[in-house]
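Colleague: Here are the chains, one letter per residue:
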Amino acid sequence: MMFRAFLLMLIAGAAWAVEPGEILEDPAQESRARDISKGLRCLICRNESIDESDAGLARDLRLLVRERIVEGDSDEEVVAFVVDRYGEYVLLNPRREGINLLLWSAAPVLLLAGLAAAGVFLVRRRSAASPDALTPAERARVAELMDE
Amino acid sequence: MIVELGHFALILALVVACLQTVMPLVGAQRRWGAWMAVAEPAALMQAALLAVAFAALTYAFVSSDFSVRLVTANSHTLKPMIYKVSGVWGNHEGSMLLWCLILAFFGALVAMFGGNLPDVLRARVLGVQASIGVAFLGFLIFTSNPFARLDAPPMNGRDLNPLLQDPGLAFHPPFLYLGYVGLSMSFSFAVAALVEGRVDAAWARWVRPWTLLAWLMLTVGIALGSWWAYYELGWGGFWFWDPVENASFMPWLISVALLHSAVVVEKREALKSWTVLLAILAFGFSLIGAFIVRSGVLTSVHAFANDPERGVYLLAITGVFMGGALLLYAARASAIQSVGVFGTVSRESALVLNNVLLAVAALVVFIGTVWPLVAELANSRKVSVGPPFFEASFTPFFMTLAVILPIGAVMPWKRARLGRTVRAVWLAAVGAFGIAAFVWMIGTGRTMLGPVGAFLGSWVILGAVSDLWARTGQAHSGRLHRAIRLPRSDWGRVVAHAGLGITITGISLLLAWEVEDIRIAKEGETFSAGRYEFTLIGVEEVLGPNYHSTMAEFRVARNGRAVAVLRPERRLYPVAGMPTTEAAIDNGVFRDVYLVIGELQDGGGWAVRTYIKPFANWIWSGAVIMGLGGALSLSDRRFRVAAGARRRAMQVVAE
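Protein chains in written order, with our numbering: chain A, 7 to 154; chain B, 10 to 664.
Calculated from the structure, these hints are not laboratory results. Hints are not guaranteed to be accurate.
Claimed, not checked - The calculated label-pair distances, taken between Cβ atoms and stated as ranges, are:
#1 B:Leu87 / A:Glu77: 48 to 56 angstroms
#2 A:Leu70 / B:Val524: 26 to 34 angstroms
#3 A:Leu70 / B:Arg567: 37 to 45 angstroms
#4 B:Ala387 / A:Leu30: 33 to 41 angstroms
Stated by the list, open to error - Distance condition first, Cα-Cα at most 30 angstroms in a straight line; then the derived DSSO-like pairs of lysine-lysine:
#5 A:Lys44 / B:Lys391
#6 B:Lys423 / B:Lys276
#7 B:Lys531 / A:Lys44
Just so you know, even glycine gets a beta-carbon here, dropped at the ideal spot from N, CA and C.
Chain B on its own, in the form it takes in the complex (with noise of 0.2 angstroms):
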């Protein structure tokens, strides 16, 4: 009954999304004020309608409602209660329920919080919003109906794959769904911007928070995705350049992109055109990604479910939705005026070296991404893409970005001077080459890697302090006071800009440093790897709620002194049939101890492998530390935008 509510919703939902795309539209158009207010109701409405289909989805895993077809497909009445409800979108059926959610979500928030957009323009966004939720829910009806129900429901579920039966895993995909759909929110903006032929300063404000908020979930999505990766499939690789992971990064660097480019439009009303097009290409990258994983066209580990017909109506939308909003850029991007005017040496400029050094990136990333499908369709080549071509062509762009943020980001608007900005930064300069010397005297000296890498990252982070310096002003009494006093979104900046070095450090000393070690050990044998000891005290059979494990006891020392005691695990999953590793990790700030338990060996013992990941915790921390600048700025974001045009006059006295 309550799944029947469910499905009943759904439908409700995509009738109120054709309503929604319909009215809205075609009122703004006609200046018909009824029409247009139909909008925020209706936006209100499928979002509520579809958090009452997801509930009930919910309700059929938690409860283990085997006539439900996905719930059989997807769990078991054993797997413990968080799995059963991250059961919901560890599927294709319920990921698709959930991005449709989320799609109908953000329409909500314009609703409930775009009060200060004008009316016509809050009712072209919704509408645009409404014409995305259309595509994909009737993609869910009519092909991917997650509320089938069995005739014959079996007494048991086929269990959910136990890769995904992990905490970390559990809420990477909401969090990537928020990040990839939430640009559908600067898509909408876009797209109502070109309808209207008018873009300025008060429209980039508007968009700056939806775009900031997306990256900010994408940014914590991908960073779940790449810790989950490091600790479960057992040899502490953290990325692997599979078409899937691409799939997330191509948005996300197209949506920092985006976030530098927006201020731009913000401040000095340049570079409108090119961010309504990044604005949709974002958006249109978060589609070709979704298909990417739905289709299966390049195969990757964790598509679940791959369909051709899928693919082909996933292909439909992107090519209908990018389609159309570039052939209308095409007719209208000519209307949008730039005023602002600035020098060769200036903020601006530093930023338009950003944005090309982050699309082209981005699409270097996406041409090697399809270039397999390419190569084949071009001259029947079967090819593989893999690692080396993505560093050996994306590594540059990043080490040139990393080279110019700390200066780009004192710089000033409009005409800045070389002198004065270096005279800003010198002294981080310095910082970072004595770091550097450092890392390059106590490394081994085999490779250039570390250096480099702890250059760049104390060099970005460093930067980000002398620009807070910066910003205190000239006088050093009161420098404190001032710094508290600065407005939130320079603080989000600067942390955020500190924790993309934080990560670029983490990448390459761990990159740099990394010992491993694999060998057969017996029981009560002790060997060393690095700098620590370990000791196998003993192997044991352990069972858990739904699978057996065998778990192995370590005792880790260092020069003597007991550092941790680890306990990694090989798990068998009966009912799926499938093994994992389960690695031990004893986290620090400057090292993690990562043991791996394999195979009982012929001769006895047991086949052993032990890594030292140096600096491994300040890629992911770097990660949730520019998730926090973008929640600061947002902080300071979501204050203008409620205070709006009204304000405005205020702001600039007290500036």
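Isolated chain A, as found in the complex (with noise of 0.2 angstroms):
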């Protein structure tokens, strides 16, 4: 008995991940604020969203989501609610705006110029002078006997 309750003590504070008494009733708007949460950071975890945390706090964000979500608001009302209070620290999925355009534009930026970079690249390699260069007829010839 004495390791049962000193077992739940410790347990009692460590909630765990989405409860079933949190879960909506409505299948569309609980799937709505599972969604929302898993772009939500629970701020005390490291890098873990409030969707799959175990932290007590994770939890009351969890609610605050369903509570918002129930009194009607739309999904984007609900994520700008929670940044209000919270700081844009919260978004795991930083705004694509400010600073952070650099950031969504990193990949397409970075691809570009890679592309740009590898085709310079190849056009040269083709163009060089190759020592044992091949005349149109003798091209002509290979050619012919690849394809028997």
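Put the two chains together into one complex, using the hints given.
Modeller: Shown next, in the form of structure tokens:
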């Protein structure tokens, strides 16, 4: 019994990701709540969303999100509500504005730059004079042989 | 006494590493044979001394010597033996000692098996390798001494973090470190080549096996970590885009690029200076990873010891080695001449595209990982960059890679014909479309993820098969015989590519078809999730060696037929004061049934989470198969490396 009481005392503080009691009756609303929760950071955890965190604070935020949804807020309004209270840090998906535009443009810009560099390189490699270059006649003969 | 011996060996190893840095490098420059000859015995000696130090620390853990501070902080007499041993590297100091040991171990391997390297190159490689050793041994001895004693030893230790007391995680760090540190070998070869000003096919042939070995270990290490997260963290996530995971993923991506570009150097004498740059960057990302994990600048789930002073030291190491190597690169890269000429449609071009995609993907992961720091420094905004960003930015790169992979793999060197290439893979494409259509039909149709992922995955797998088929020539008779006699590196390539396809299939189908159920279940109650029925038979308290457990028993059935009995647990480790969840998983080829037991509810009954996770095991099996491909290829390489230049003439005749 002692052991049991000790166990409960220790575990009582720790909540457990999404708990059965938190789930909303309306499956559509619940699924919206899950999607929103996956994009919100648990502030006291290390890189966990509130959807997967065991912390008490994450549970409070999950309940808050669900409360706002039941009140009739749209997804954007719920997120804006949470950001107003806890700051931009709470967003796991950084907003596409201000300095963050650099972050979001990194992938396409770097890819284009990489492809351009590779393109220039490839064209140079092709046109570099090859010591054993074939004459057009020889090339035609090779093509003929390869096709057989 | 044994602990002091270990401490002494560690200090001696630093002294030996200093000698091994200075003498061979000076000797190679001045062509003093005797000075260069110091490199091999020094490398062997350094590895032996570090092995002694490591053994001494292991002894302290195994014998629970609580006068050693590190043992007190990370061990406990009741801990099972395997975790006493894994406790050696389950902490900052011990893991850095392991890092140094592996660093020296790779040096010793070059000393032992590098007999066919030119003397000057070997001396330089070992000298550069030892200089990395000096930096890390200094870091270990001066900021994080594992052998520090306590004035008043306590009666017992504080136990290892319970999350780390797990078979999957026990062997995750050694593999990862073999990978990270293995890349130091490619780095040393790159720096030695820059000093020498010569990169040729022989150089690429020597670098490839080391890169392949490091990549293999990194792949297995990452897979182990991901598998551990899957079954231990309680909801079956397998990748979190956490800074520490990214720290291992960036060197992985670069090492994959390096493996492919080194092939071009070896076979075609092109892309030389790019390959050297990749070899520098691959280890650079390992160093950055070590910095991210150890310094705690970017907080993460699994950094054990965060200390600003250590962070500064590691940043200095990263800066000196990267800065030095890149400066050297800037000064000497122009001396490296590539001679190979190739057409725009050729295997070379496909590999260039592969390299662009992988390198840019690694850079994007890097930018996303450090972005919170940048944004805070630039305009003091605290922002987070989480999975949504990485998924959106990274996925297109891997999708593109998967699309071009089978095409590139069947292209010939130098000049390819699109028609011929398409003929080699069109059956694979048709097959992949068929599989995607099938997935589309049986899926719920609510997401494109399933069919698209199934197409890409099966395209890569079937493409690998077509690659093998094309290798065996035109004639149908004797095809099997020819397939068996193909070089192991061909088999390695095909197997590794197929492994990637398996992983892609697993990830997409798991994400597309996962079923989740969260509810309260009373004892004796039956509920269903997916196509399975679950009965909670009972919940009992169980005492483990160093934990208490609340263990539930579920009977799992499908259409009334019993499938499995699962016992998920909730453990409490009283010494560390930490609860952990132990999910119970019924593994299957096409699905995992994943059960987690939660708390006793106020109104009676237990919180229960149930998941049906389709194709989950494909993710890690694919990674293991990739590693297997690497091992196959390595067995071929080793033969060729050992054969060296002497046999080259014979091979030409044989081909």
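Colleague: If a hint holds in the structure, say so; if it doesn't, say that too.
Modeller: Hints, verified against the model:
For the hinted restraint 48 to 56 angstroms between leucine 87 of chain B and glutamate 77 of chain A, the CB-CB distance of approximately 51 angstroms keeps it satisfied. For the pair leucine 70 of chain A and valine 524 of chain B, the supplied restraint of 26 to 34 angstroms holds, since their beta-carbon distance comes to about 27 angstroms. For leucine 70 of chain A paired with arginine 567 of chain B, a C-beta distance near 39 angstroms keeps the hint of 37 to 45 angstroms intact. Between alanine 387 of chain B and leucine 30 of chain A the Cβ separation comes to about 40 angstroms, which falls inside the hinted range of 33 to 41 angstroms.
Straight-line distance between C-alpha atoms of lysine 44 of chain A and lysine 391 of chain B comes to about 19 angstroms, which keeps the hinted pair within the 30 angstroms bound. Using a Cα cut-off of 30 angstroms, the hinted pair lysine 423 of chain B and lysine 276 of chain B holds, with the two alpha carbons roughly 10 angstroms apart. At most 30 angstroms may separate the alpha-carbon atoms for a hinted pair to count; lysine 531 of chain B and lysine 44 of chain A meet this at roughly 29 angstroms.
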